[in-house]
Each structure stands twice: as C-alpha cells, then as structure tokens.
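Peer 1: Residue numbers (the working numbering), protein chains in the order written: chain A, 1 to 178; chain B, 179 to 461.
Source of the hints: derived by calculation from the structure; they are not laboratory data. Among the clues, some could well be false.
[As the list claims (entries may be wrong)] Label-pair distances were calculated between CB atoms; the ranges are: (1) Tyr163(A) <-> Thr295(B): 57 to 67 Å; (2) Leu144(A) <-> Val207(B): 26 to 36 Å; (3) Val120(A) <-> Pro216(B): 23 to 33 Å; (4) Val197(B) <-> Leu144(A): 30 to 40 Å; (5) Phe123(A) <-> Ser447(B): 24 to 34 Å; (6) Tyr36(A) <-> Ile225(B): 32 to 42 Å; (7) Leu277(B) <-> Phe123(A): 53 to 63 Å; (8) Ile13(A) <-> Thr376(B): 56 to 66 Å; (9) Asn245(B) <-> Arg8(A): 53 to 63 Å.
[What the hints assert, rightly or not] Stretch-level coverage of chain B by chain A, calculated; a stretch enters the list once three of its residues show a Cβ under 8 Å from a Cβ in chain A: (10) 263 to 276; (11) 320 to 333; (12) 385 to 393; (13) 433 to 440.
Virtual Cβ for every residue (Gly too), placed ideally from N, Cα, C.
Below are the chains, spelled out letter by letter.
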Amino acid sequence: MYRLSKLRFVFPIGLFITFFLDGSFSKIFSGVFFSYPYSMVSHLVLLWLALGYFFQNDVHIPLTGFAVATGICFDLYYSGILGLYMVLFPLIVWLTRVIGQYFTPSFLTAFMVFFIDVAVFEFLNYAAYSVIGIASASFSSFVLYTLAPTLALNLIYFVVLYYPLYLLYSRYNEEARS
Amino acid sequence: MRKFFSNQRLVIIVVILVVCFGLMGGSVVLRNKRATPPLIQQFGNDIVGFASTIVALPANGLQSGFNSISELTNTYQENRQLKQQVTGLAQVKVRNQTLTTENKQLKKELKLNHSLTDYSTVTAAVMTRTPSSWQNQLIIDKGETSGVSKNMAVMSGSGLIGRISEVNKTNSKVELLSDSNEASNRFAIQITNKSGKTVNGIISGYQKSTGLLTMGDVTSKVSLKKGDKVITSGMGGVTPKGLYVGKVAKVSEDDYGLAKKIYITPATSFNDINIVTVAELDS
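Bound-form chain B, shown alone (with noise of 0.2 Å):
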C-alpha cells in the first residue's frame, strides 16, 4: 500500500512538472507569434488589471505627492533655468510651424501621403511593475480598445524606452530596453554627426554595469564623436522615423577590431518611469 503510495506521488509530481514546463515553453512561443494573447488569457488579464487599480491608484497618489513635494524644494531654481530656455524656444517653435506647414505642401505636391515621420501616439499611465529580476516590464492603462498593438515603440519623458510586448484588450505589457530579452532591444537607429552625415544601424544590446546602449557591428568610416544624437530610422516598417533614442557615449573598436561598436547614453532613465506614450506609425 505505501509502495502504491509513493509511486502515485511521484507520477503526480512528474505530471505536474512536465504541464508546468509545456505551459512556460508554450506560451513564450505564442508570445513571439501572435499578435495578441488567446482570447482567455486576455480576459483574465482585463479583470486582474481592473482589480489592480483598487491598489495602484492610491499608491501611485501617494508617491506623485511624495514626489510634488520633493520637488518643491529646487523649484525656485529650476525655474530662472526654464525661463532663460523659454525665450529661445519661441523661436524654434514658429519655425516648427513654419517648416511643418512647408513639409505637408511639399507632400501634397509629390503626392506622397505618409512618410515615416508621420506617427500618432497614444499616452498611458504605468500601473505596476513586475516584480521579477528577470523581466523588466511595465504594466499600462491602454490597450488595443485605444489602439495599442504589438511591437509599437514606446517612449517616455524625451526618449525611447522600449517596446509593446503583450496587447490585452485595456492593458499592455512594455518590455524595457533593459530587459535581457534579446529580441526587446533590436530597435533601427541612426546617428548623425556635426556635419550631417549619418551612420545607420540597430541597437545591439544593453551594458547593465553602466546603463549604456551599444550599436554594434559599425563599419562606416564617418567619424562619430561624443554627443552626436541618435535616433530612430523608422527602417522595418513598425517603428516611426525620428523618435529619440539618445547621445553618444564613446565609440570603441570591437572585439575583432574590425568594427566599431558605439555606445549610447539613452535619454530617459528606465527607472522611475509614470506616463508613456505609444508611438504609432500612421499607414
């Protein structure tokens, strides 16, 4: 009897493991497939996240007090800075104008409707964390009723932070570029220098000991220098053209020494992170 026992414990152990592992390897498969998870996942994701708002909302509250008044104390300060910077950005904003109003004639005489720079976005709220060491994601309040969907480019603050990994009906998943993940990072850049030439390439991966981006496998002979911006090419179809990524950090021969690889500083740091906006490419 206690033989039978055992044995039964263990088949059930051995059951039990092998669905556990099915389900994890099955559903990291339909995670890079589908554009959406199955219908039910999705529902049950709806209502835990509905539920999550009972406890994100005023804990969220609170540290945007904590923060206000942590604030307070520089404002002084920040503000003479802003102010000096206000008077210039006038004028950059009416030739904005100005250079947009020329940019859609232009469009209009070449019959060209939409052009990679052209992008819709969507503002969301970060609701939670995953509370993992392995997945650095971000839980937020929209999703595909507002017109999220996957792999759409996600920025916060001046830059870009990542991209839309999972699309549920009112909330979506954004794996950060820090996420070891090798398929969050692979964003299309490009790098301009003083003199207007540029260097096209995508991001290779993330140095978590010093939070810098690196584009690897650069074989271009235009000289990179500290401080050179770096943004999107908008090449691959999904991510607009010109969204932020960040600065130059260094540029050093690769392994071989037969490349370049270039580090980048990103513009936003990925910690601390409240309100998003999804970029969409118009089409």
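Okay, chain A solo, but in the shape it has when bound (with noise of 0.2 Å):
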C-alpha cells in the first residue's frame, strides 16, 4: 500500500529534515546541549522512524530500508567512521518492531518504547566508540551525564511532537482510505 500512499513523499522528506535538523540543533545549542559534564545528543531521527512505526496503520513504510540510507549517510558526514550508524538504526527499526507488536498503540506504550530505544541506542553507540577507542568515559559517568540528559531531552521532543505528527500521519492515511 506504501507505493500509493501519499506518505511516499512525507516519510522521507521527513527524514531528511530530521537528519540534518539534528546537526543544525547540536550547532545552534551547543552552549546547552554540551555544557559540562551534561552532554545531550538530539534523535530526531530516530524519533521519526519509531513513530513511523507506530503511525504508519496498514500502510508499511519499509522502515528498515530508510534506516539503512540514513546510517550511511550519518557515518559519512557527522562522524567520518563507517559501520557504526548504518547498523544501529535499522536495529532500533527492528526492535521497536519486536516490541511493539505485543501493544496496541497509544501515546504510553508509544512513549515507553521510544524510551527504550533510545536507550539501547546510546547504550550500544557508547560500547563501540568505547571497543575502538573514542569514547573514554566510564560506565557511571556515561549514564549519568551523557544518557539521562539524552533520555530527558528527546522524551521532551516526543512529548512536543508526538500529537502534531498523529495529526500529520492521520490525515494522509484518510486521504489514502477515500
């Protein structure tokens, strides 16, 4: 059904703004998202994959698929290392997937999932820049003041979007009903 839905043009253009809005927000914070010890990392992306998910009724956006592209492109220009983005966001695709199918979807459940996958994100980003060496801090120090300031600001940013973009999803899957 994806190929006749209109959400074929909203979902990437979506993800593209997402993508680069989370630099242009890391740039124009940086005074609050990196004052010391608090470091916050926005997820934008990862944001509008989960809600895809959740959003997406029996229309099937091929999430994963996206989220590979969109790895790629945020190890070559954010970080210049390969491999690491490319694999963790359509795992995080297919988490919020294995999880997600064991609830009916709601503002709470939805809420608690993206929790999870951000965390497990940060978890797994902080492990490998840790195995190759750059990533330095412990284990404590990250979960107190890289992943809770994380966890706050994007659940902030679900909070905020999550009825807009409802709005958004539910008027284009109408249009693709009638």
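Each chain sits in its own coordinate frame; assemble them with the hints.
Peer 2: Given below as structure tokens:
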C-alpha cells in the first residue's frame, strides 16, 4: 500500500529534515546541549523512525531500508567513522517492531518503546566507541552525564511532537483510504 | 527446519558484527594515515553536504537573527567601551604597519622567503555539528577546492579552536580542542612571561570539568604568572607561529612533583562557533 499512499513523499521528506535538524540543533544550541558535564544528543531521526512505525497503520513503510540509508549518510557526514550508525538505525527499527507488536499503539506505549529505543541506541553507541577507542568515559559517568540528559531531551521532543505528527499521519492515512 | 533457520540468523548476525567492526576499525586507521578519505567517501560527503545547506542555511539564519536581537539590548554600553579602545587601536595599527614593512625589508636583506609567521587564511562558515557526545566535531563549508588540507590549525574569534581532521572537496570536519581524541589537541605552544623569557611545550590535554587546557611536563625554571599569553610556537612545521591560544590560568606541580603543569584558559569558547578561520602555512 506504501506505493499508493502519499506517505511515500511525506516520510522521506520528514526523514531528510530531521536528519539535518539533528546537526543544526547541536550547533545552534551547543551552549545548552554540551555544557559540562552534561551532554545531550538530539535524536530526531530515531523519533521519526519510531513514530513512523506506530502511525503507519496498514501502509507499511519500508522502514529498514530508510534506516540503513540514513545510517550510511550519518556515518559519512557527521561522524566520519563508517560502520556504526548504518547498523544501529536498522537495529532500532527492528527493536521497535519486536516490542511494539505486543502493544496496541497509544501515547503511553509509544513513549515507553521510544524510551527503550533511545537508551539502547546510546548504550550501543557508547559500547562500540569505547571498543575502538573514541569514547573514554567510565560507565557510571556515561549513564549520569550522557544517557540521562539525552533521554530527557528526546522524551521532551516526543511529548511535544507526538500529537502534531499523529495529526499529520492520520491526514494522509485518511486520504489513502477515501 | 526451525533449527536451520536459527543457525542462519546467527551466521547473519555474526557477519554483520564483523563487517561493522571491520569498517569502524578500518576507517579509524585510514583517517589517521591518509590526507584525504577514499574518493567514494568524499563524493558521498559532498552530496550530503550540499543537501544539508537546504536545512542548515535557514536554521543558521534564524540563529543569527535571534542573536542580533539579543545583542541589540546591550549595544549602547558596548559601544561606549569600544570607542575607548578604538582610539588606542589606531596607534597600534600604524605601528604594526611600520613594523611589518620593516620586517619584510629585513627578511629580504637576509634572503629569507618564508618564515614560520607567514600564513594565509581561509574563512569558512560552520554548517553543523556532529550530534554525538563522544565526538566534538564541526563541519565547515570549505574543502580541498578552497585550499584546506588535513591538520591545518583552525581559529575562531580571537584564538585557536582545533584542527582539520577530514577534508572533502567542498566541506571538511574540524576536531575541537575539547575532543576526547588524544591527537586532537597536541599543538606546539610557547608561553612568554613579562620579562620576555619563553617556555616551549605542547598542549597535553583538556580538563573538561574546568574547561582549561593543560600543558604538562614543563621542567623549565622560568617563572610564569597568571595572565601570561600563550601562542603556538610553529614547531612541527604544520601550524604557523603566533596563533593566540589563551592565557595562563594557574601553574601547579604535576602528580609526581618533578615537573610543572600549566593550566591555560582558552581564548574562545568551544561552544557557539559560527565562523572559523583556517590558517595555512605559506611555503
């Protein structure tokens, strides 16, 4: 059904915007996001992917493909170290699918699943970068100074953006049905 | 059948993990060895960089708009302070001009073409910043075509902020001095005290909790005081001499009590950077 739905335009455009907004926010609010000792990482892309899963209804967006493509762009453009995000993004899509299938989509369940997504994403990012020697923080300081602020920031994103995005998706879903 | 399926899945997971870590390790090694990344990576970077201007330009425009509004509120006071400074500055400027010409003539007499203080600059705008807590990296909109190359020193405002870590055709990445990567802040520096004596060394680290740069293993007997100016020394042949780094914040003994450790207040804040200058040593 994805080929017939208008979401085939809306979803990639949203992904495109959120991808670059992550970087722009990190630059514009760098004084707030990276004030010592806390560092908050903006994950609008994750939010877009997760909500895409919850709002798609019977449209079936090819989320995994988009996640891989976004991950490759992320590796190339933002970090310059290939191989991490191109695996992590599809992994998070898979995780959302596995957990999400047990619940009926609602604000609270989506909130919980997104919480788990961000936590797993940040943890795997930390673990991988520790192995290749880029991150050098201890586990406790990672949890306290990176994970907690990042979760706070992204859950605020979620609370603010959930309803507008819900309206957006339901508009295009209805159009597809009529 | 079911067993075969789970085995297959396991194999796939292992292959993905191996490829993933192989790529990561490989790109870290390549990054340290080569002056530019592979052509495909450069190409991809240029395309994504071009696309990013669609979002980054309006966002940065908005930011500068808000900044100018907030700056308007204290313009009057700032203007008064600046006026006082300007009168003094004209004098310094004229003197600087005379000294530069004299310096040029003297260099000519000595048949000295380029010394360590001769450098040209490339000015670039900051497009975005890596959204990561592990990499303090900026992406700027000038690349190889504008004459930027790897390891060049990058300045912003009044002082040094980092070095170029990756160069593509039309954009490049800047690793800030505050990055936890060990190679990012090893700059050769020198400190001159009030009586004109200098101490040479390298920046050995960044203390995140206080935001100070450190210069370790100083065995020189020259006495340094708080407020002495720190500049790059130009040793190593990549960084020009005379880029302003900051001021001495405090001098203390190192962990073993054998040498001194000097803490330096950076000249610019590493957050909130919009325009950078890349310094290229003339040769």
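Peer 1: Each hint: holds or not?
Peer 2: Hints, one by one, checked against the model:
{"no.": "1", "hint": "Tyr163(A) <-> Thr295(B): 57 to 67 Å", "verdict": "59 Å, holds"}
{"no.": "2", "hint": "Leu144(A) <-> Val207(B): 26 to 36 Å", "verdict": "32 Å, holds"}
{"no.": "3", "hint": "Val120(A) <-> Pro216(B): 23 to 33 Å", "verdict": "31 Å, holds"}
{"no.": "4", "hint": "Val197(B) <-> Leu144(A): 30 to 40 Å", "verdict": "33 Å, holds"}
{"no.": "5", "hint": "Phe123(A) <-> Ser447(B): 24 to 34 Å", "verdict": "30 Å, holds"}
{"no.": "6", "hint": "Tyr36(A) <-> Ile225(B): 32 to 42 Å", "verdict": "35 Å, holds"}
{"no.": "7", "hint": "Leu277(B) <-> Phe123(A): 53 to 63 Å", "verdict": "57 Å, holds"}
{"no.": "8", "hint": "Ile13(A) <-> Thr376(B): 56 to 66 Å", "verdict": "57 Å, holds"}
{"no.": "9", "hint": "Asn245(B) <-> Arg8(A): 53 to 63 Å", "verdict": "39 Å, violated"}
{"no.": "10", "hint": "263 to 276", "verdict": "violated (count 0)"}
{"no.": "11", "hint": "320 to 333", "verdict": "violated (count 0)"}
{"no.": "12", "hint": "385 to 393", "verdict": "holds (count 3)"}
{"no.": "13", "hint": "433 to 440", "verdict": "violated (count 0)"}
This entry does not satisfy hints 9, 10, 11, 13, going by the numbered hints stated previously.
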